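Student: Going down the list, the protein sequences come from chains A and B. Numbering-wise (our numbering), the first sequence opens with residue 73 and increments by one. Numbering-wise (our numbering), the second sequence opens with residue 73 and increments by one.
Think of the hints as simulated: they come from the structure by calculation, not from any bench. Don't take every hint at face value.
Note: identical chains are not told apart, hence a pair may lie in one copy or across any two.
Unchecked claim - Under the rule of at most 25 Å between Cα atoms (straight-line distance), these lysine to any residue pairs were calculated in the SDA-like manner:
hint, residue 1, residue 2
1, Lys231, Ser285
2, Lys240, Asp266
3, Lys231, Thr177
4, Lys191, Asp170
5, Lys343, Thr169
6, Lys191, Asp118
7, Lys240, Pro211
8, Lys240, Asp209
9, Lys343, Gly328
10, Lys231, Thr169
11, Lys332, Arg208
12, Lys240, Asn205
13, Lys319, Tyr110
14, Lys240, Arg89
15, Lys231, Arg132
16, Lys343, Arg126
17, Lys326, Ser172
18, Lys343, Ile173
19, Lys343, Tyr320
20, Lys343, Val207
21, Lys191, Leu78
22, Lys240, His220
23, Lys240, Tyr204
24, Lys240, Val207
25, Lys256, Leu149
Please read all numbers here as calculations on a predicted model, not as lab measurements.
There are 2 protein chains.
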Amino acid sequence: MHHCWLNGTITDVPSARFHFNDLGVLRGYGLFDYFQTYNGRPFQWDWYWERFERSARILRIPCPLTKDQTRQVVEELFALQGGQDCAFRFLLTGGFTDDSISMHTPNLIIVTEDLHHDKPGEHENGIKVMTYNYVRDMPMLKSIDYKHLLILRQDFERKGVSDVLFHKDGYISELSRSNVFIFKNGRLITPMDDILEGITRKTVLQLAQPDFSIEVRPVTLQETLNAEEVFTTSTTKRVLPITGIDKYVIGNGKIGPQTKILLDRINELVKNW
Amino acid sequence: MHHCWLNGTITDVPSARFHFNDLGVLRGYGLFDYFQTYNGRPFQWDWYWERFERSARILRIPCPLTKDQTRQVVEELFALQGGQDCAFRFLLTGGFTDDSISMHTPNLIIVTEDLHHDKPGEHENGIKVMTYNYVRDMPMLKSIDYKHLLILRQDFERKGVSDVLFHKDGYISELSRSNVFIFKNGRLITPMDDILEGITRKTVLQLAQPDFSIEVRPVTLQETLNAEEVFTTSTTKRVLPITGIDKYVIGNGKIGPQTKILLDRINELVKNW
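With the sequences and hints as input, model every part of the structure.
Tutor: This is how it looks when you write it as structure tokens:
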């Protein structure tokens, strides 16, 4: 049974009192963040908090808790998990409104969720993605705006893909909920613009630093299709190979040796977190 | 006391059972519509329904009720209003989810709200708006995505404006929740692209048809600033003059004579609806 903290009250999730009269529901005015614990410790807590606070600042929704207060809530909720590692979702909306538009007191929800489990074979065989001409609206912040993904994913099964790669004017930006990297002539390259700066992206850049040349710059769709290796990074995916883009096979259709090095490194990092 | 219909159950609004575990809240995956009754009859019911259904189709959220079933719910809720005219909001989201992303059963909410009341003097003196470089994402549908407005409106009071006029690449599209028209050399002109096709816009075009030359075409910001008259249309605003855009005064800062004709016509139409 998962628990949540909603505006100061901790309950089990089904008992949480909410109402549709919320600016998240009525006006899509909300943001979130999401992280996991390893060995009972929130992964990269400082970075996740910093990003959550930045998203709130850009959307201009005041965050009702300080970093320390939030950490305390996280510890309380974690204790209710009986020592099991879990995921945390933070959700901050404009709050309940009396006229469908005015913000009064934001709603902050902190909720535990099951850990994500890797699909069997996924990290060896990689995933296939479709491309889609789009740049997220305000990509630098983790808003709740995923309408394009929710539309597109209804075709994923039919298309044999599990995610979507956004591109615009010839340049790629990111997947629906994760960053993208390519290897080209042994150099590790990742887009710099129109992305959410992922915490796992930042972690992987650090892990790669000692042994790889790194380029953070605009990346074309064409060089992505021609790359030696392509992979995506996120909290749940860690380092996950992309072996198919539309009808193109990337590399030999399996995880590439350079991607494997980074996957091993992040697996080692979270194992000992 | 207003009432709502939520997935088959009618209750007073505060008693409605909802949960944050909804794809509207978690993923901004929702749409809505909004209309008023006049003399106990929903205004332009056929057109509003058609638009609601179109929004749902584009967002690929199945609507759980047919047009006739929905009309019956509207009548039941109206009866609970004791014969008072009111507004109706339809809200359709991706529904509750068990993994924060998968859609199962959509949530449909039909709720009555207070009628909007004109601000004193507003239709005589018009409103002032600020400009903002932006086109709504998927403007043809009435999604719940209003994050830019919710950010911008925190500065409205300081800027002395009450709304925002979106423009991009030199062309205007719409206000945050309403359409825009200009009069130029006696011709009535309104943008054709990147807009939500408002029901009041359509009504006004019909009312103008007998006496005005009409152009539905791309409209530049420059010609808007130089227009003889500018006005906006929406369910709640009907025909509302815009007399200031950023630092520019439009016309003589009062409702113009041509706008006045259209305002009178729509007031007459709703009075006798």
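Student: So, for every hint listed, does it hold in this structure?
Tutor: Hints, one by one, checked against the model:
no.: 1; hint: Lys231 / Ser285; result: neither (35 Å within a copy, 49 Å between copies)
no.: 2; hint: Lys240 / Asp266; result: both (10 Å within a copy, 18 Å between copies)
no.: 3; hint: Lys231 / Thr177; result: between (43 Å within a copy, 23 Å between copies)
no.: 4; hint: Lys191 / Asp170; result: between (44 Å within a copy, 18 Å between copies)
no.: 5; hint: Lys343 / Thr169; result: neither (44 Å within a copy, 30 Å between copies)
no.: 6; hint: Lys191 / Asp118; result: neither (29 Å within a copy, 47 Å between copies)
no.: 7; hint: Lys240 / Pro211; result: both (13 Å within a copy, 19 Å between copies)
no.: 8; hint: Lys240 / Asp209; result: both (13 Å within a copy, 15 Å between copies)
no.: 9; hint: Lys343 / Gly328; result: within (22 Å within a copy, 71 Å between copies)
no.: 10; hint: Lys231 / Thr169; result: between (41 Å within a copy, 23 Å between copies)
no.: 11; hint: Lys332 / Arg208; result: neither (29 Å within a copy, 41 Å between copies)
no.: 12; hint: Lys240 / Asn205; result: both (5 Å within a copy, 19 Å between copies)
no.: 13; hint: Lys319 / Tyr110; result: neither (37 Å within a copy, 55 Å between copies)
no.: 14; hint: Lys240 / Arg89; result: neither (41 Å within a copy, 41 Å between copies)
no.: 15; hint: Lys231 / Arg132; result: between (38 Å within a copy, 17 Å between copies)
no.: 16; hint: Lys343 / Arg126; result: neither (28 Å within a copy, 49 Å between copies)
no.: 17; hint: Lys326 / Ser172; result: neither (50 Å within a copy, 29 Å between copies)
no.: 18; hint: Lys343 / Ile173; result: neither (45 Å within a copy, 27 Å between copies)
no.: 19; hint: Lys343 / Tyr320; result: neither (34 Å within a copy, 62 Å between copies)
no.: 20; hint: Lys343 / Val207; result: neither (34 Å within a copy, 45 Å between copies)
no.: 21; hint: Lys191 / Leu78; result: neither (32 Å within a copy, 36 Å between copies)
no.: 22; hint: Lys240 / His220; result: both (14 Å within a copy, 21 Å between copies)
no.: 23; hint: Lys240 / Tyr204; result: both (8 Å within a copy, 22 Å between copies)
no.: 24; hint: Lys240 / Val207; result: both (7 Å within a copy, 16 Å between copies)
no.: 25; hint: Lys256 / Leu149; result: neither (44 Å within a copy, 62 Å between copies)
Comparing the model with each earlier hint shows violations of hints 1, 5, 6, 11, 13, 14, 16, 17, 18, 19, 20, 21 and 25; every other hint is respected.
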